[in-house]
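Peer 1: Now for the letters of each chain:
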Amino acid sequence: DTGVSQNPRHKITKRGQNVTFRCDPISEHNRLYWYRQTLGQGPEFLTYFQNEAQLEKSRLLSDRFSAERPKGSFSTLEIQRTEQGDSAMYLCASSLAEGGQTYEQYFGPGTRLTVT
Amino acid sequence: AQKITQTQPGMFVQEKEAVTLDCTYDTSDQSYGLFWYKQPSSGEMIFLIYQGSYDEQNATEGRYSLNFQKARKSANLVISASQLGDSAMYFCAMRERRGQGSYIPTFGRGTSLIVHP
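If you're matching them up, the sequences are chains A and B in order.
Under my numbering, the first residue of the first sequence is numbered 1, with each subsequent residue one higher.
Under my numbering, the first residue of the second sequence is numbered 117, with each subsequent residue one higher.
Excised from the complex, chain A in its bound form (with noise of 0.2 Å):
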């Protein structure tokens, strides 16, 4: 499977407790894009990696939001201090950005959490 890939699919956590997602993409994109999907809306954008560098994140990136590209490759969402309000589907998308030209962005299946 060379598509984009996203782990876990699903979590549950209590108020509070910290959850980590990862998201792997295609393996020759060296763009990639975390966003927030709530119910009833499309994709907010919250932040996108170009290689391990993180160029631009949205206001709605709050201070318990983190994400990091360590190596270029995979990514990982941390939110801290986790709020009923975070509970969300959190896509990753990657794609393909060289000589001035962007493609089309490529989604993973999504990590839906939920608070309690």
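Derived from the structure by calculation, the hints contain no laboratory data.
Only a predicted model underlies this, so the values are computations on that prediction, with no experimental measurement involved.
C-beta atoms are modelled at their ideal positions from N, C-alpha and C, and glycine is treated no differently.
Derived DSSO-like pairs (lysine-lysine); straight-line CA-CA distance at most 30 Å:
no., chain 1, residue 1, chain 2, residue 2
1, B, 119, B, 189
2, A, 57, B, 189
3, A, 57, A, 14
4, A, 57, A, 71
5, A, 57, B, 119
6, B, 186, B, 132
Some chain B residues close to chain A (C-beta under 10 Å, calculated; not the full set):
no., residue
7, 155
8, 209
9, 219
Since chain A is already given, all that's left is putting chain B on it; use the hints.
Peer 2: Okay, now just chain B, sitting in the frame of chain A:
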């Protein structure tokens, strides 16, 4: 102001018929891109079609075509010969250039399409 507007929360179509899903966008940039994605109940976003703002021809990909009307700022998706497997949420998205050469897409709220046999 919303950058992407999808005014149809739900659409119904008979199998084998064509359907148009509406999308209007708002930007002051000259260079931008428009996408459509499909999201079935499994949750995965599937890329369907892309239209660049400088592309003069409407994009087509198999049964999907994008009716791009730049002056009206609309980018409607046309699905021909609908199939039962087309039942899903459909999202229109626009990509605008930001600093450092990044292109961050903004998604609409989506349209739910149900295909009837």
